[in-house]
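The task is to assemble the complex, starting from two chains supplied on their own in separate frames and drawing on the hints.
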Amino acid sequence: DGGITQSPKYLFRKEGQNVTLSCEQNLNHDAMYWYRQDPGQGLRLIYYSQIVNDFQKGDIAEGYSVSREKKESFPLTVTSAQKNPTAFYLCASSIIRGGAEAFFGQGTRLTVV
Amino acid sequence: DAKTTQPPSMDCAEGRAANLPCNHSTISGNEYVYWYRQIHSQGPQYIIHGLKNNETNEMASLIITEDRKSSTLILPHATLRDTAVYYCIVRSSGSARQLTFGSGTQLTVLP
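These protein sequence lines map, in sequence, to chains A and B. So the mapping is simple: this note's numbering equals the position in the first sequence, first residue as 1, plus 57. So the mapping is simple: this note's numbering equals the position in the second sequence, first residue as 1, plus 6.
FYI, nobody ran anything at the bench for these hints, they're computed from the structure. All the given hints hold, so there is nothing to weed out.
Have a look at the derived ranges for each label pair, beta carbon to beta carbon:
#  : chain 1 : residue 1 : chain 2 : residue 2 : range
1  : B       : I45       : A       : P65       : 16 to 26 Å
2  : B       : T114      : A       : Q163      : 14 to 24 Å
3  : A       : D116      : B       : N60       : 29 to 39 Å
4  : A       : A138      : B       : Q51       : 24 to 34 Å
5  : B       : N59       : A       : G60       : 22 to 32 Å
6  : B       : T85       : A       : V170      : 30 to 40 Å
7  : A       : S79       : B       : N59       : 32 to 42 Å
8  : B       : E64       : A       : D87       : 21 to 31 Å
9  : A       : S64       : B       : Q51       : 15 to 25 Å
10 : B       : R87       : A       : G60       : 14 to 24 Å
11 : A       : Q163      : B       : S15       : 18 to 28 Å
Covered by chain A, according to a simulated footprint, are these stretches of chain B (three or more residues, beta-carbon under 8 Å):
#  : stretch
12 : 45 to 54
13 : 105 to 113
Straight-line alpha carbon distances no greater than 30 Å define the calculated DSSO-like cross-link-like pairs of lysine-lysine that follow:
#  : chain 1 : residue 1 : chain 2 : residue 2
14 : A       : K114      : A       : K71
15 : A       : K114      : B       : K9
16 : B       : K9        : A       : K140
17 : A       : K127      : A       : K114
18 : B       : K75       : A       : K114
19 : B       : K9        : B       : K58
Idealized CB from N, CA, C, for every residue including glycine.
Isolated chain B, as found in the complex (with noise of 0.2 Å):
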């Protein structure tokens, strides 16, 4: 399974955008990039993934280098409400053995 590394916490302004990185060196060619992020004592929310390209939701945009070794994820105007753990994960097609999180990055917004 790759791996992903990402900074244990990190603050933002709100109204500002929140840029959340991850790194995952050994990701392989088919193995897409996942964010999710949980509020606290609730079950995970999922934002957004990519393979290649970068990818834009109403919730996120997803930025995937072009050795796809590392990622990052914009909240383009955080508020308060985005406050949460973010966890980035990598999983391959055809096994669900590769949904397993790390220890994500503790995104605080402040006033």
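Looking at chain A on its own, in the form it has when it is part of the complex (with noise of 0.2 Å):
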């Protein structure tokens, strides 16, 4: 099946310590994004990426990286210099031009412990 695909579903994680998210999609989709959400909010933007080995800073990029080292995958590295991490990752691929929609993960919970 074509699609988007994030893992962990939940994860936990210790203060202090780096943690990696995984995104794969199989849509041979240019561009990925990774949004973050807090209870009771919008999506707000971290990074998104339109071409391999290339990636732009969101609204909310600081304490976040991200590397795109092929077409398919996309992963998001919550560093310890996030100071509060504990949110619902979502990530979304597309094609970049118009009247394409964009393809959404189930999301990760990351929680602080």
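Quick look at the structure:
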């Protein structure tokens, strides 16, 4: 099946540790995105990438890092510099031209313990 | 980026049409209007999009005003499973940057 897969679904991290969230798509999409969602809030853009080996900061990039070594993969690392990392993280992909919808993964819920 | 404005919440009786408004008064000529919805703790789901003309698919209808400054998403016969947060966003071609979400409208379908 074509789609976008995030793993794991739930993740627990100790304070001070880095953690990497996985996002893989087999839709041959050029663009990939990472969003953060806090309870009762909308989606906020962390990073996005339009092409392999290139990515851009979104609105809340501080404390996060990404890589785009392959078209299919866009992992997000939540670093120890992120002061409040507990949140729901969503990955999406799309083709870039107008008139094309984005597809979302089912999310990873990160909790810092 | 064109911004969108949506009411924070709406109720609708089951079986009735749900009409969700969105204002996008600064929309430019090459920007599409998209609607997504998010059921609690899941990833957003694409519903429909349009540029100028009204659109209909198996899920919903999208009515865009002639001046394109506002639109309405219509769920013709709302069910309890349509309870979700509905996001209206605008996006232009040629850049991934414009895929940005606002706060959306919490639609509650009442039995």
